[in-house]
Amino acid sequence: DQQVKQNSPSLSVQEGRISILNCDYTNSMFDYFLWYKKYPAEGPTFLISISSIKDKNEDGRFTVFLNKSAKHLSLHIVPSQPGDSAVYFCAAGHSSYKLIFGSGTRLLVRP
Amino acid sequence: EAQVTQNPRYLITVTGKKLTVTCSQNMNHEYMSWYRQDPGLGLRQIYYSMNVEVTDKGDVPEGYKVSRKEKRNFPLILESPSPNQTSLYFCASSPGQSSGNTIYFGEGSWLTVV
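Chains as they are written, first to last, in our numbering: chain A, 1 to 111; chain B, 1001 to 1114.
Same shape as in the complex, but just chain A (with noise of 0.2 Å):
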């Protein structure tokens, strides 16, 4: 049973425009969530990350946006560049040791 589910295996947008990831979760005890990104042959880097208590987090390009009530979460990108192709994983949980990942959308920004 996947607690967080993330259903786009991949997406693909035009350099400039903006790229929405989206991640639901199941289990309402989650209350901080995060965002990774991962370069091939290169660990998971942090990228942004948001508490229960809030409902949007922005950082420069990044925006994390949550919607408790329908447990999901999305991250924007705007603009989209191709430097910001990878693989993003969202992750949530109630205490940093014990995050469950979801399985990764592959952005690829075309030039």
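To be clear, the hints were calculated from the coordinates, so they are not data collected in a lab.
With a cut-off of at most 27 Å between alpha-carbon atoms, the simulated DSSO-like pairs for lysine-lysine come out as follows:
#1 A:Lys5 - A:Lys37
#2 A:Lys98 - B:Lys1057
#3 A:Lys98 - A:Lys5
#4 A:Lys98 - B:Lys1071
#5 A:Lys98 - B:Lys1069
#6 A:Lys37 - B:Lys1057
#7 B:Lys1065 - A:Lys98
#8 B:Lys1065 - B:Lys1018
#9 B:Lys1071 - B:Lys1018
#10 B:Lys1057 - A:Lys5
#11 B:Lys1057 - B:Lys1018
Covered stretches of chain A (chain B as the covering partner; in silico rule of three or more C-beta atoms under 8 Å from a C-beta of chain B):
#12 38-51
#13 102-109
Glycine residues also receive a C-beta, built at the ideal position from the N, C-alpha and C atoms.
Guided by the hints, dock chain B onto chain A, whose structure is given.
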């Protein structure tokens, strides 16, 4: 430079031959863990450790062992590897267990069991 270092990065081994993947972090983090990444399944936690001599099972611990004798090291041991353990493995560390602590990942170890 703050980092999580794991070795080997690439390994092909045969079924049943014991192997150890080492992991070391230089950030004095209390928490360390191991994940495996498989297509369509994302990152699944194998084992984690909240401090020296404190370890616990994650979501997929079968076939693996760990030890935490020192704070900086957290080796992953496959006593008798099987082909279903062919995967990409990541070691990770974090300052502590409270929400808000970022997890730092190593670069990954590609393991193939034939």
